[in-house]
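Residue numbers (the working numbering), protein chains in the order written: chain A, 87 to 165; chain B, 110 to 335.
Keep in mind that the hints were calculated from the coordinates and are not lab data.
Take the hints with a grain of salt, since some may be wrong.
Below, simulated DSS-like cross-link-like pairs (lysine-lysine); rule was C-alpha separation at most 30 Å, straight line [unchecked claim]: (1) Lys140(A) to Lys96(A); (2) Lys254(B) to Lys140(A); (3) Lys125(A) to Lys96(A); (4) Lys140(A) to Lys125(A); (5) Lys254(B) to Lys96(A).
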Amino acid sequence: MRATVLIRPKPGILDPQGAAVGSALGHLGFEVQDARVGKVIDLEVEAADAATAKARVEEMCEQLLANLLIESYEIEVSG
Amino acid sequence: MASPQPRIGVVTYPGSQDDRDALWALAALDAEAIAVWHEDPDLPDLDAVVLPGGFSYGDYLRCGAIARFSPATASVCELAGAGGLVLGICNGFQVLCEAGLLPGALLRNESLRFVCRDVPVTVERDDLPFTTRCSAGQRLVLPVKHGDGRYLPPPDLDPGQVVLRYLDNPNGSVDGIAGVCNEAGNVMGLMPHPEHAVDPLLGSDDGALLLASLVDAARERVLAAY
Chain A
87 MRATVLIRPK PGILDPQGAA VGSALGHLGF EVQDARVGKV IDLEVEAADA ATAKARVEEM
147 CEQLLANLLI ESYEIEVSG
Chain B
110 MASPQPRIGV VTYPGSQDDR DALWALAALD AEAIAVWHED PDLPDLDAVV LPGGFSYGDY
170 LRCGAIARFS PATASVCELA GAGGLVLGIC NGFQVLCEAG LLPGALLRNE SLRFVCRDVP
230 VTVERDDLPF TTRCSAGQRL VLPVKHGDGR YLPPPDLDPG QVVLRYLDNP NGSVDGIAGV
290 CNEAGNVMGL MPHPEHAVDP LLGSDDGALL LASLVDAARE RVLAAY
């Protein structure tokens with residue numbers, strides 16, 4: 087099963103990388119009110135069903151993939 | 110009886126850079142400095158441990174996040190849990206935060222630039238094993254060299270855990286925090302590099318005050334064990 091983990095800087099956490107990207111888009115003429123930069127982690131996991139896979143990946147996020155003080159995570163599982 | 114030399118270990122991870130400077134500085138300050146390899150599950154009999162600066166495991170995922178799983182880090186956690194003295198410098202500070210031995214996290218510098226210069230800091234606490242040779246309010250000049258040094262404390266950080274504060278915040282750290290300790294006061298982390306500032310020839314020897322405090326504290330523990 088394929089799991090995609092989206093990791094984002096938590097709201098309120100200063101994200102200078104996002105600000106730099108937003109300002110660069112402005113230079114290209116795009117109007118962007120806000121930009122935040124996170125990361126994506128793709129995983130292949132063995133699991134009986136999507137719910138089990140999601141629960142396992144949630145543990146991975148809590149223990150390693152995200153630092154919960156500064157980041158939030160979102161998990162998408164597809165067969 | 111001659112004053113005993115305390116045994117202070119310096120852990121080398123893949124990507125550590127400042128381990129040799131830390132070993133050299135500790136030896137210059139009359140400690141027996143012992144190199145510890147990250148794969149060694151058993152620490153030699155040590156009176157204190159230093160986690161040095163660098164880019165352990167290439168800063169993959171987050172700075173310090175992977176070093177947490179080294180066998181040596183597990184032993185350092187045990188040592189810290191038993192009240193042992195642990196000092197993390199720069200990447201070592203990031204490792205201690207990721208390992209949960211110190212509160213908070215270190216993020217990308219606000220400027221997005223790598224900063225490499227001498228900065229002034231003030232000493233907030235002079236009662237720790239890392240600061241007894243300093244006095245509260247004292248100004249030290251120490252070099253910083255990092256891209257990810259913006260300290261973010263947890264919302265419930267006890268202000269008493271702040272050990273050093275930047276006078277001229279180089280990275281956007283919250284409240285200018287440059288160094289913190291754990292609640293018990295036996296674990297400390299800081300972004301500036303005391304090991305690069307132990308000889309006036311290198312611009313400042315203020316770092317020797319912090320490291321010599323650690324050597325003093327480790328020596329006292331050796332004497333207490335007699």
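Hint check:
| no. | hint | in the structure |
| --- | --- | --- |
| 1 | Lys140(A) to Lys96(A) | holds (21 Å) |
| 2 | Lys254(B) to Lys140(A) | violated (40 Å) |
| 3 | Lys125(A) to Lys96(A) | holds (12 Å) |
| 4 | Lys140(A) to Lys125(A) | holds (18 Å) |
| 5 | Lys254(B) to Lys96(A) | holds (26 Å) |
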